[in-house]
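A.B. asks: Here the protein sequences line up with chains A and B, keeping their order.
With the first letter of the first sequence counted as 1, position 43 gets the number 43 in our numbering; the numbers rise by one all the way through.
With the first letter of the second sequence counted as 1, position 80 gets the number 80 in our numbering; the numbers rise by one all the way through.
In case anyone wonders, no lab produced these hints; they're calculated from the structure.
Each residue gets a CB set at the ideal place from its N, CA and C atoms; glycine is no exception.
A portion of the hints provided could be inaccurate.
As the list claims (entries may be wrong) - Which stretches of chain B does chain A cover? Using the computed rule of at least three CB atoms under 8 Å from a CB of chain A, they are:
| id | stretch |
| --- | --- |
| 1 | 84-91 |
| 2 | 120-128 |
| 3 | 132-145 |
One letter stands for each residue in the lines below.
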Amino acid sequence: MKNLLYKEFKLATHPTTYLFLSLGLMLLIPSYPGYVGFFYVSLSIFFIFLSGRENRDVFFTVSLPIRKTDAVKARCSMIAIIEMAQILVAIPFAIIGNASRTGENLAGIESNVAFFGFVFMIFSVYNIVFIPMFYKTTYKIGIPFLFGGIAFGLFYILVEMLVWIPSPIKSFLDTLDPTIMVQQLPILIIGIVIWFFTWIITYKKAASNFEKVDI
Amino acid sequence: MKKHVNERVFFLIFKIISDILCIDDIHSIEGDLCMEILSVVDLCKSYEKFDLKNVSFTLEQGYIMGFIGRNGAGKTTTLKSIMRLVHPKSGKVTILGKDFAENEFYCKQKIGFVLGGVDYYPKKKLKIITDVTKRFFPEWDDEKHLSLLKRFDLDPEKRIDELSAGMRVKYSLALALSHNAQLLILDEPTSGLDPVSRDDLLCLFQDLIEDGEHSILFSTHITSDLEKCADYITYIKDGEIIASTEKDLFLDEYRLVQGPIDKLTSELTEKLIGVRKHKFGFEALIRTRYLPVAEGIEVESADLEAIMVHIERG
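Generate coordinates for the entire structure from the input sequences, incorporating the hints supplied.
C.D. replies: Take a look at the structure:
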């Protein structure tokens with residue numbers, strides 16, 4: 001697995017992966033929908049698969065003395081690392097942005113603890129739709145990305161809607177009050193747990209799909 | 001070759017002794033001494049419009065086998081099925097006596113599989129591909145790899161897409177041989193190469209098998225390549241193996257006949273393969289066992305191309 005991960009980062013990673021990591025900076029933009037920066041992660045993941053197809057990555061990988069399921073596990077692990085890295089990079093910018101801003105974010109949820117919990121959930125939804133669908137063929141990428149993007153978008157709208165209408169839920173979610181942010185921690189934890197378990201399901205389903213593919 | 005004959009003799013003696021002493025555990029020893037580097041038994045694969053039907057053949061250590069057939073006959077599908085890149089419906093593949101399905105890691109270590117030349121990650125430098133590839137092979141030999149690059153005149157600083165088709169095949173071979181692959185499975189390695197590069201590559205194949213440990217299975221429809229270097233021929237037609245034998249025996253099995261039309265009797269036609277009539281008479285293939293034929297019909301030896309053309313003509 002270590003060797004496969006090395007191969008993923010040495011060969012398969014698309015340059016935009018590193019470029020888009022810097023889009024955590026978008027959390028510094030005043031009154032801007034914070035989830036947008038994270039959409040670019042899904043785009044960089046799409047680029048990895050796209051460039052993999054153009055570089056015949058699947059053929060190269062399965063020619064190596066490995067199991068096909070390990071190839072999928074390595075790719076899913078790389079995606080998990082990229083998503084984690086994106087969140088870790090974004091956190092300091094969220095803190096700086098929140099500290100430097102006066103007034104609330106008029107374009108959506110504040111970059112708070114619940115926000116990052118929802119980001120984990122959005123990644124979960126994208127992963128579980130896009131990745132197994134790609135491994136059904138290993139060459140059709142547009143359709144899986146379309147469905148992954150729709151899932152991402154719908155879930156994004158859903159979680160943003162929670163803070164559109166004035167309600168106790170909005171008061172609880174759309175705040176930078178430190179006391180309430182502590183109370184939001186379960187949302188972050190639930191987000192991480194959902195992300196972790198959907199990662200396992202995503203990997204298992206993708207590996208099962210890939211096993212049936214003739215290369 | 002001599003070494004293998006000795007091994008086989010030793011193995012047979014051991015088998016007789018073990019039979020006398022009722023020793024059952026001979027198979028582990030058989031695996032070590034096995035001369036059979038590749039065995040394919042009853043490989044079947046179904047597609048919507050094409051079936052691979054009970055493909056079976058064997059290849060021994062120290063030989064080159066040419067895998068021939070026209071485009072779409074099932075050559076690549078067979079090779080991919082051997083490597084489990086496609087899923088055969090049934091059948092068994094063994095490498096050095098070990099079941100491929102159960103020992104995939106071991107078997108892939110022993111095989112260098114090349115579909116054409118290296119065409120993955122064309123914008124990456126050779127040294128990067130090498131750096132990634134070698135991590136997967138415990139038996140990787142850096143010194144050997146460097147000497148192979150030198151021998152093939154390959155610059156590790158070059159990108160894959162800067163290599164010619166022939167150089168890409170050579171780089172594939174350099175990768176395979178550096179991890180001590182004993183069986184090279186090559187799909188159309190010579191297609192797209194100029195005559196000099198082709199000849200160079202065929203000479204290299206012959207050099208490789210000289211140690212008696214390496215074997216090469218390569219598919220091609222360029223029959224002249226096989227005339228030069230193949231020891232065995234396996235011929236696939238419409239997904240079925242119609243011959244798998246020594247090249248000389250295969251060539252000896254057929255003759256080319258030609259003569260005037262009036263000599264083409266119905267009795268003779270039944271024995272002929274791929275008859276082509278022209279204004280001067282006819283030309284066809286005939287199995288050697290049907291010889292001699294009527295007077296006035298010229299009989300001459302057939303090369304692989306003639307055999308293939310007439311068989312495919314049906």
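A.B. asks: Taking the hints in turn, state whether each one holds.
C.D. replies: For each hint, the structure was consulted:
no., hint, in the structure
1, 84-91, "holds (count 3)"
2, 120-128, "holds (count 6)"
3, 132-145, "holds (count 5)"
Of the numbered hints given earlier, the model fails none.
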